[in-house]
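J.: Respectively, the protein sequence lines represent chains A and B. Sequential numbering from 8 applies to the first sequence in my numbering. Sequential numbering from 817 applies to the second sequence in my numbering.
A couple of the hints might just be wrong.
Said to hold, decoys possible - Reference excerpt, derived from the structure (chain A facing chain B, CB under 10 Å, subset only):
hint	residue
1	294
2	295
3	407
4	424
5	428
6	443
Claimed, not checked - Pairwise CB distance ranges, derived in the manner of DEER restraints:
hint	chain 1	residue 1	chain 2	residue 2	range
7	B	863	A	416	34 to 44 Å
8	A	358	B	1029	48 to 58 Å
9	A	46	B	901	27 to 37 Å
Stated by the list, open to error - Pairs of lysine-lysine residues, derived as DSS-like cross-links and limited to a Cα-Cα distance of at most 25 Å, are as follows:
hint	chain 1	residue 1	chain 2	residue 2
10	A	412	B	1018
11	B	908	A	257
12	B	999	A	260
13	B	959	B	999
14	A	64	B	999
15	A	53	A	63
16	B	1021	A	63
17	B	999	A	53
18	A	141	B	1021
19	B	1055	B	1021
20	A	257	B	999
21	B	996	A	141
22	A	53	A	31
23	A	412	A	358
24	A	260	B	1055
25	A	298	B	1018
26	B	1059	B	1021
27	B	996	B	908
28	A	63	B	999
29	A	141	A	156
30	B	1014	A	298
31	A	53	A	64
32	A	260	B	909
33	B	999	A	148
34	A	412	B	1014
35	B	908	A	272
36	B	859	A	260
37	A	148	B	1018
38	A	257	B	959
39	A	64	B	1021
40	B	859	B	959
Source of the hints: derived by calculation from the structure; they are not laboratory data. Here the structure is a predicted model, which is why all the values come from computation and not from measurement. Ideal placement from N, C-alpha and C gives every residue a C-beta, glycine not left out.
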Amino acid sequence: MISSILFGLLFIGGFGFFTYNIYKIRANVLLGRDIDRKGNKFERWKTMTLVALGQKKMFSRPIPALLHLALYVAFVITQIELIEIIVDGLFNQHRYFYESLGSFYTFIISFIEVLSVLALIATVIFLSRRNLLKLPRLNMKELAGWPKKDANLILIMEIVLVTCIFTMNGADEAIRLLENKGSYGFSISSYVGPLFFGGIQSIETLHIIEHIGWWGHFFMVLMFLNYLPYSKHFHILLAFPNTYFSNLEKKGKLTNMESVTAEVKLMMDPTADPYATPAESSSEPQRFGAKDVTDLTWKNLLDAYTCTECGRCTSSCPANITGKLLSPRKIMMDTRDRLTEVGDNLRKHGKAFSDGKSLLGDYITEEEIWACTSCNACVQECPVNIDPLSIIVDLRRFLVMEESKMPTELTGMLTNIENNGAPWQFSPNDRLNWANED
Amino acid sequence: MSLNVPTMASMMAQGETPDVLFWVGCSGSFDDRAKKITKAIVKILNNCNVKFAVLGTEESCTGDPAKRAGNEFTFQMQAMMNIQVLNGYEVKKIVTACPHCFNTLKNEYPELGGNYEVIHHTQLIQDLINTGKISLKDGGVYKGKKITFHDPCYLGRANDVYEAPRELIEKLDAELVEMKRCKTNGLCCGAGGAQMFKEAEKGNKEINIERTEDALETNADIIATGCPFCNTMMTDGVKNFNKEDSIQVLDVAELIANAAEL
Chain A
8 MISSILFGLL
18 FIGGFGFFTY
28 NIYKIRANVL
38 LGRDIDRKGN
48 KFERWKTMTL
58 VALGQKKMFS
68 RPIPALLHLA
78 LYVAFVITQI
88 ELIEIIVDGL
98 FNQHRYFYES
108 LGSFYTFIIS
118 FIEVLSVLAL
128 IATVIFLSRR
138 NLLKLPRLNM
148 KELAGWPKKD
158 ANLILIMEIV
168 LVTCIFTMNG
178 ADEAIRLLEN
188 KGSYGFSISS
198 YVGPLFFGGI
208 QSIETLHIIE
218 HIGWWGHFFM
228 VLMFLNYLPY
238 SKHFHILLAF
248 PNTYFSNLEK
258 KGKLTNMESV
268 TAEVKLMMDP
278 TADPYATPAE
288 SSSEPQRFGA
298 KDVTDLTWKN
308 LLDAYTCTEC
318 GRCTSSCPAN
328 ITGKLLSPRK
338 IMMDTRDRLT
348 EVGDNLRKHG
358 KAFSDGKSLL
368 GDYITEEEIW
378 ACTSCNACVQ
388 ECPVNIDPLS
398 IIVDLRRFLV
408 MEESKMPTEL
418 TGMLTNIENN
428 GAPWQFSPND
438 RLNWANED
Chain B
817 MSLNVPTMAS
827 MMAQGETPDV
837 LFWVGCSGSF
847 DDRAKKITKA
857 IVKILNNCNV
867 KFAVLGTEES
877 CTGDPAKRAG
887 NEFTFQMQAM
897 MNIQVLNGYE
907 VKKIVTACPH
917 CFNTLKNEYP
927 ELGGNYEVIH
937 HTQLIQDLIN
947 TGKISLKDGG
957 VYKGKKITFH
967 DPCYLGRAND
977 VYEAPRELIE
987 KLDAELVEMK
997 RCKTNGLCCG
1007 AGGAQMFKEA
1017 EKGNKEINIE
1027 RTEDALETNA
1037 DIIATGCPFC
1047 NTMMTDGVKN
1057 FNKEDSIQVL
1067 DVAELIANAA
1077 EL
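Chain A extracted, bound-state conformation (with noise of 0.2 Å):
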């Protein structure tokens, strides 16, 4: 009775802090500018279907992809015993629906047995990849501190998982041999649990290792959903939602600035008339680009979220390959980390408050973004469809309109489009002399 109760309380606990949690990193999405992402309903679902559940874009790196289907198969099937633990909890059960399934119930547990075996093997090589081989992409600066072990716990707490698991099946399997009731048949705790726990001869003690098997499994469980949305590890569930909502045109399109488009065709209407009042606007003057995260779209802050911090877009970029400050990652990550920040703020401090600092410039410096090719690696190789490069493009688009801040040669060039008609110092009217030169 009592366990029930706190099993409960626990339950509804953990899921209601995690509610909480999501309900505040949906307001913070929600503070960016509206961008439409809504029409072509199919050809989201096939996006999302493709690259977040198919993890299509994985696969361009073929060994990570396979470690990591493992993982994910394995976490996604692995929930179907949460349904045991929650009856069992709440009712105070034994392996509940056993006896009612039968041989299914065996293969069940026996599948995600297999699987749980999979991932603590994808994971103890993700750890060896990170801590000894020390791979290049997963030991950058903007790693160093939190990040690293960021990380490094989640790999951890899948470990402590799995090993709760086969803790929890391998004493059950052990008390079965006690009692003479014969094996469970699982494939590997039939195994394993012998060989652990099969030289304890008293059911009592193999009762409270099955049980710290049992809470360690569920309370890992709460902690691990819990955990999610203070870190990078959040993308597990945000994959979905942000690939569902990802970009359909051609990558190589930028927006279009409607507020400029207004102001560009009355300048070049002959008729419009320049003393006149400019049309009451109903909302404020939206500043041009992005100074701080809240002059970004909502699309761009989920993005935001989204990021594992695989570095797959940094180590394709080629300013960062040559050694420039620019880490497509880092912009991402320094998205966030302003967004929380910014959104901390308001709900302490309300509306009116400013605490003077920006994305641009206390996070994201000048020279990161004016080292951008465009070249589209970053979006392109992202295996959750996130495009680092519009961030980009906005706080450039406030660097410039805003504030007039480009590198000198850019003020020289955008002067030669504007009174030449090209980039460069050439006379428009010499456009058509190579045809007769030689």
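The hints should help you fit chain B onto chain A, whose structure is shown.
T.: Chain B in isolation, oriented as in the chain A frame:
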């Protein structure tokens, strides 16, 4: 052979409409190296009797580098002026040798009122070969040569055109060798996003050097490109390694024009 380069204005004056407008672009008009690519394309168009025209002095920068540098005002001013001219001539179809112009005209002009069918010159040439308008006798001068193709970002990743230039290279009876980073994984030459017009930020290497190393690793005789900026960057890269004598940088249009002895 002198080139026949009709302008849109002269064609209209004669009451004629071209089938396609050749958008030359700023590089193609002013840059000495890129002008050779422009002429190679005109030779192909003339040879195949394609009814085309250029805007000549009425053409102006598409605004691509301005937009990528973050100056949407300058971009839209350029775009609106160009759209006025293009719509005035009732242009339906545009071919261009510059992937940056290609991308901007194709993807960014429609929202400002400019709707055209826009193709890259490699796509047009591919069509001319497939319809038998250009014949390459046994591949021509490049038969058996090793050629590697450098994917321009604004043709490849930005617009998913990977096959047209490669099919043309194969038509030369040459051996197409791929660099380790190619197609969707192709490495930028370093010129995009307005970098062409500024010094690179501080780093430990220039991007075009990194990319030229990829090309040199293939032991190709020729680096083929489909973009005037990439051409400049790769040519500079090859010079940096003092390899001008052993490896050439040529546009796919030049390869075809030379092979067809135009």
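J.: Now, for every hint given, state plainly whether the structure supports it.
T.: Hint check:
With its C-beta approaching chain B no nearer than about 13 Å, residue 294(A) sits outside the 10 Å limit, and its interface hint is violated. At a threshold of 10 Å, the smallest CB-CB gap from residue 295(A) to chain B is about 7 Å, leaving the interface hint in force. Among the interface hints, the one on residue 407(A) holds; its C-beta lies about 4 Å from the nearest C-beta in chain B, closer than the 10 Å criterion. The beta carbon of residue 424(A) comes within 5 Å of a beta carbon in chain B, closer than 10 Å, and the hint placing it at the interface holds.
Look at residue 428(A): its Cβ gets to within about 3 Å of chain B, closer than 10 Å, so that hint holds up. Interface restraint check: residue 443(A) against chain B, minimum CB-CB distance 8 Å, threshold 10 Å, status holds. About 40 Å separates the C-beta atoms of residue 863(B) and residue 416(A), a value consistent with the hinted range of 34 to 44 Å. Restraint check, residue 358(A) to residue 1029(B): a C-beta distance of roughly 53 Å satisfies the suggested window 48 to 58 Å.
The hinted range of 27 to 37 Å is satisfied by residue 46(A) and residue 901(B), whose Cβ atoms lie roughly 32 Å apart. Of the pairs offered as hints, the one joining residue 412(A) and residue 1018(B) holds, with about 18 Å between alpha carbons and a cut-off of 25 Å not exceeded. Distance hint between residue 908(B) and residue 257(A) is fulfilled; the C-alpha atoms sit about 21 Å from each other, no more than 25 Å. Restraint check for residue 999(B) and residue 260(A): satisfied, since their Cα atoms lie roughly 19 Å apart, inside the 25 Å limit.
Distance check on the hinted pair: residue 959(B) and residue 999(B) sit about 23 Å apart at the alpha-carbon level, within 25 Å; holds. Between the alpha carbons of residue 64(A) and residue 999(B) the distance comes to roughly 15 Å, so the proposed pair stays at or under 25 Å and holds. Between residue 53(A) and residue 63(A) the CA atoms are separated by roughly 11 Å; this keeps the pair inside 25 Å, and the hint holds. Annotation: proposed proximity of residue 1021(B) to residue 63(A) is violated, straight-line Cα distance about 33 Å (limit 25 Å).
Distance check on the hinted pair: residue 999(B) and residue 53(A) sit about 23 Å apart at the alpha-carbon level, within 25 Å; holds. Restraint check for residue 141(A) and residue 1021(B): the C-alpha separation of about 23 Å stays at or below 25 Å, so the hint holds. Our distance criterion of 25 Å between C-alpha atoms is met by residue 1055(B) and residue 1021(B), whose separation comes to about 15 Å. Among the hinted pairs, residue 257(A) with residue 999(B) is consistent with the structure: their alpha-carbon atoms are about 15 Å apart, no more than 25 Å.
Note on residue 996(B) and residue 141(A): the hinted pairing holds, with a Cα-Cα distance of about 23 Å set against a maximum of 25 Å. For a cut-off of 25 Å, the pair hint linking residue 53(A) to residue 31(A) is broken: about 29 Å separates their Cα positions. Using a Cα cut-off of 25 Å, the hinted pair residue 412(A) and residue 358(A) is violated, with the two alpha carbons roughly 29 Å apart. Among the hinted pairs, residue 260(A) with residue 1055(B) is inconsistent with the structure: their alpha-carbon atoms are about 33 Å apart, more than 25 Å.
Restraint check for residue 298(A) and residue 1018(B): satisfied, since their Cα atoms lie roughly 23 Å apart, inside the 25 Å limit. For the hint linking residue 1059(B) to residue 1021(B), the alpha-carbon distance of about 18 Å falls within 25 Å, and the restraint holds. A C-alpha spacing of about 39 Å is found between residue 996(B) and residue 908(B), which places the hinted pair above 25 Å, so the restraint is violated. Proximity of residue 63(A) to residue 999(B) is assessed by CA-CA distance (about 17 Å); at most 25 Å being required, the pair is judged to hold.
Among the hinted pairs, residue 141(A) with residue 156(A) is consistent with the structure: their alpha-carbon atoms are about 14 Å apart, no more than 25 Å. Among the hinted pairs, residue 1014(B) with residue 298(A) is consistent with the structure: their alpha-carbon atoms are about 23 Å apart, no more than 25 Å. For the hint linking residue 53(A) to residue 64(A), the alpha-carbon distance of about 14 Å falls within 25 Å, and the restraint holds. For a cut-off of 25 Å, the pair hint linking residue 260(A) to residue 909(B) stands: about 19 Å separates their Cα positions.
A distance of roughly 29 Å separates the Cα atoms of residue 999(B) and residue 148(A); the hinted pair therefore is violated under the 25 Å criterion. For the hint linking residue 412(A) to residue 1014(B), the alpha-carbon distance of about 14 Å falls within 25 Å, and the restraint holds. Distance check on the hinted pair: residue 908(B) and residue 272(A) sit about 23 Å apart at the alpha-carbon level, within 25 Å; holds. With a C-alpha separation of about 31 Å, the suggested pair residue 859(B) and residue 260(A) falls outside the 25 Å cut-off, and the hint is violated.
This hinted pair checks out: residue 148(A) and residue 1018(B) have alpha carbons roughly 17 Å apart, not beyond 25 Å. Distance restraint check for residue 257(A) and residue 959(B): the Cα-Cα separation of roughly 35 Å exceeds the 25 Å cut-off, and the hinted pair is therefore not satisfied. For the hint pairing residue 64(A) with residue 1021(B), the CA-to-CA distance comes to about 29 Å; that exceeds 25 Å, so the pair is violated. Pair hint residue 859(B) plus residue 959(B) holds up; C-alpha atoms about 21 Å apart against a cutoff of 25 Å.
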